[in-house]
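**Q** Chain by chain, the residues:
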Amino acid sequence: MTAMLNVKDLRAYYGQVQALHGLSFALNEGSLTTLLGANGAGKTTTLRAICNMVRSTGAIEFDGAPLAGRSTENVVRLGIAHVPQGRGTFTTMTVEENLQLGAITRKDKAGVVSDIERMYDHFPVLKQRHTQQAGTLSGGEQQMLAVARALMLRPRLMLLDEPSFGLAPLIVRDLFRILGKINREDKVTILVVEQNAQLALELADQAYVIETGRIVMSGNAKDIANNEDVRKSYLGY
Amino acid sequence: MELFTNQVLAGIATGAIYACMALAVVMIYQAIDHLNFAQGEMAMFSTFISWQMMQWGIPYWGAFVLTLAFSFAGGIVIERLLFKPLAKAPILTNVAGFIALFAIINSVAGLIWDFTIKQYPTPFGSSPFLGSQLISTHQAGMIGVTVLLLILLFFFFQYTRIGLAMRAAASLPESARLVGINTSWMIALGWGMAAAIGSIAGMLIAPVVFLEPNMMGGVLIYGFAAAVLGGLTSPLGAVIGGFLVGIFENLAGTYIPGVGNELKLPIALALIITVLVVKPAGLFGRPIVKRV
Amino acid sequence: MSAVEDVVTEAPAVEAVPKRAMTLGFGTSLVMLALLLLVPLFVKNFIIFQLTMLLIYGLAVLALNILTGGSGQFSLGQSAFYAVGAYTSAILMEHADMNYALTLPIAGIICFAFGFLFGQPALRLSGVYLALATFALATAMPQLLKLGFFEHWTGGVQGLVVTKPDAPFGLPMSQDMWLYYFTLAITVGIYVASVNLLRSRSGRAFMAIRDNEIAASAMGVDVALYKTLAFGVSAGITGVAGGLGAIAVQFVAPDGYTITLAISLFLGMVVGGVGWLPGSIVGSAFIIFVPNIAEGISKGLSGAVFGVLLFLVIFLVPHGARQVAMVAQQLIGKLKK
Chain A
1 MTAMLNVKDL RAYYGQVQAL HGLSFALNEG SLTTLLGANG AGKTTTLRAI
51 CNMVRSTGAI EFDGAPLAGR STENVVRLGI AHVPQGRGTF TTMTVEENLQ
101 LGAITRKDKA GVVSDIERMY DHFPVLKQRH TQQAGTLSGG EQQMLAVARA
151 LMLRPRLMLL DEPSFGLAPL IVRDLFRILG KINREDKVTI LVVEQNAQLA
201 LELADQAYVI ETGRIVMSGN AKDIANNEDV RKSYLGY
Chain B
1001 MELFTNQVLA GIATGAIYAC MALAVVMIYQ AIDHLNFAQG EMAMFSTFIS
1051 WQMMQWGIPY WGAFVLTLAF SFAGGIVIER LLFKPLAKAP ILTNVAGFIA
1101 LFAIINSVAG LIWDFTIKQY PTPFGSSPFL GSQLISTHQA GMIGVTVLLL
1151 ILLFFFFQYT RIGLAMRAAA SLPESARLVG INTSWMIALG WGMAAAIGSI
1201 AGMLIAPVVF LEPNMMGGVL IYGFAAAVLG GLTSPLGAVI GGFLVGIFEN
1251 LAGTYIPGVG NELKLPIALA LIITVLVVKP AGLFGRPIVK RV
Chain C
2001 MSAVEDVVTE APAVEAVPKR AMTLGFGTSL VMLALLLLVP LFVKNFIIFQ
2051 LTMLLIYGLA VLALNILTGG SGQFSLGQSA FYAVGAYTSA ILMEHADMNY
2101 ALTLPIAGII CFAFGFLFGQ PALRLSGVYL ALATFALATA MPQLLKLGFF
2151 EHWTGGVQGL VVTKPDAPFG LPMSQDMWLY YFTLAITVGI YVASVNLLRS
2201 RSGRAFMAIR DNEIAASAMG VDVALYKTLA FGVSAGITGV AGGLGAIAVQ
2251 FVAPDGYTIT LAISLFLGMV VGGVGWLPGS IVGSAFIIFV PNIAEGISKG
2301 LSGAVFGVLL FLVIFLVPHG ARQVAMVAQQ LIGKLKK
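Protein chains in written order, with our numbering: chain A, 1 to 237; chain B, 1001 to 1292; chain C, 2001 to 2337.
Chain A on its own, in the form it takes in the complex:
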């Protein structure tokens, strides 16, 4: 089986500083993969490089077609949704407008309307607040909104950057349960970057561990979770 997303020898730079030092990994269609690593390891940079939001070299292929040279919005239009760190909520707009924005590239009006209803089924709290300014939502609600907004694209691949950041544990569990459901039922391939390694490894089927811009370990999520080094460094027991 060929990979849906294939990343080879990815190097990324912020000005003169190199943040990624030749990263390679692949995502299979329908998989739920997690990218683990400490602060500053290059997780966010990896996601940003996929969407061409940072200067990078190397090859990134989506369905066999190279992403290099495409603008961020053109990468997104291929069906790659990116939930950025900090959620990227359009705070001055209503919840419903945020969802409409997620589908702004789609032409099927009826589909968009029914998808908004579907999102309200996934996240009932958003329905309650659909006319409210998104900036007034709590952190957890904004994260739900960000995921819902990304799904409005009907993406084939969804990239999530630390969705658990700043959220209460209970809310994180809820969110991860929904992510698992989306992955299974809607067949959306998911790549989630996390610092909360324990939860991420429970959820994912594949895992990569990244340290100072390099992949240091990869494999089945369960195997990684049982690895002694990982347990000591990331799981803390």
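Don't read these hints as lab results, they were simulated from the structure.
If you're wondering where the values come from, they're calculated on a predicted model, not measured in any experiment.
Virtual Cβ for every residue (Gly too), placed ideally from N, Cα, C.
The reader is advised that the hints may include incorrect statements.
What the hints assert, rightly or not - In silico negatives: residues of chain C with every beta carbon more than 10 angstroms from chain B:
#1 2047
#2 2094
#3 2125
#4 2140
#5 2195
#6 2224
Said to hold, decoys possible - With a Cα cut of at most 30 angstroms, we get these calculated BS3-like pairs of lysine-lysine:
#7 2299(C) <-> 1118(B)
#8 2146(C) <-> 2164(C)
#9 1084(B) <-> 107(A)
Starting from the known structure of chain A, arrange chains B and C on it as the hints suggest.
**A** Okay, now just chains B and C, sitting in the frame of chain A:
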């Protein structure tokens, strides 16, 4: 009392023009965080274009619509050619760019149509409006056209896909790109619309201030004052600011001794500085927090 | 109003210029000075007059350069300070019969105070807002000068005629030549003082504010004081230039100090290279001679030529004359090898 009512109505009429200019300034400010110091000159040039078309025998409203289209296209061309490459340049470079544009347009208008003052027609006439001495038909027309424009813009931004995309691109460009919006073209579109809105202001005020290359100098300063008063991040605020500033200008000129036409510009200056110092975000704008 | 606040990462106001790159070497400075001393001996009076204006505008551009290149604040309103300086000198000379040389320090002090005071509200403004406030100041200035209230002193719309001074001590030189050397002495004095200012503690404080205001205040720089001080110094020097300008032109009138003058000075700074003090004279030459040539071709053309050249500078040599000078230096270095 009649003098008061009269001045307020006259203030609303010129305020409508300031509102248009302020709105044009805010549209570009929202898109690129810069003040277009050449907004007035762009409007002046558009007004000359419409005048030229009328000289060639095109009727007023035909020239009006053609000028809107010309201005819209012109705004986009200016952005693509001159300001898109400056997107990441320091503020100073951008200010220099706007100043250069100001100088070029002013000078070219003078070269083509020379610096003499020209009469500009009004389609509304200048008889008393509905038999009332309070306001002329042209002033009523200025208010009417502006209100119509504002309603159209409101519907555009609130209920169309492109309007929504433009708002998103202006408020959070990175997030907008992540939902697939081509933010670069949204900026160009903002420029086009700003240029078109400015041209309406120019064509409506030209019968009052007469047509000449420096006609928009004072109007632009009041447009800036209006935008600052309403808040540079709020289009609605800019419009309200425009009307407020227009009324304020007229009342100050009538009731404060020593303030006549000759202190028009210093008043705008005082207004701008006062608002910027006392309430930098304006009446309706959002406060800005600088990231270190 | 929503409780939400925007967080923005602002583009830098002005690109940082290293301190060493702000001035000329000692040898180059001496050659320049010798040229400025000798040239008037060989040219006609009208050209001497133009050279005087070159120095005067050079001073005004230098003043803006200290403000923008030094402390990172904008001003599109230098014409207002220039006008106040010019009127101060003219009024003192014509109404109080004061010696022209004595009026200049007074013009400088009054403009310093004006700039310092204007700098107070400007303190809270940065970037485009400051550009806007000063733009409005420049636009409003001619109307203020025309005010009937001041007409007794200012001459209203008519303006004031100023008498040109003779050379003192019976020196055998024309009025124009005397005024040139007089202006040159003041210019050199202010230039040297400015270079020293930027090399001093205050200069370092200016530049720290330019590069990162918040970091500067964290390091203990009194940001408010130094920002207003930069405004004051800049306005003061502009005022002296304005006073000299009034004497050289022999006339002041409101319409001589419109936004066009402010734009010209701004243009001179950009062309000369922001933050490069010697570039001020290049910028000044540009704003004096380009309009002369352009207006000779067609009336009203100079604005367009200014604008087009400004865009060319922005796109091709964003560091202005400094960049050209550096490239030339490198070329000469290569040729020597």
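**Q** A separate judgement is required for each hint: does it hold in the structure or not?
**A** Cross-check of the supplied hints:
| no. | hint | result |
| --- | --- | --- |
| 1 | 2047 | holds, 27 angstroms |
| 2 | 2094 | holds, 23 angstroms |
| 3 | 2125 | violated, 6 angstroms |
| 4 | 2140 | violated, 4 angstroms |
| 5 | 2195 | holds, 22 angstroms |
| 6 | 2224 | holds, 13 angstroms |
| 7 | 2299(C) <-> 1118(B) | holds, 18 angstroms |
| 8 | 2146(C) <-> 2164(C) | holds, 24 angstroms |
| 9 | 1084(B) <-> 107(A) | holds, 28 angstroms |
Hints 3 and 4 from the list above are not met by this structure, while the remaining hints are.
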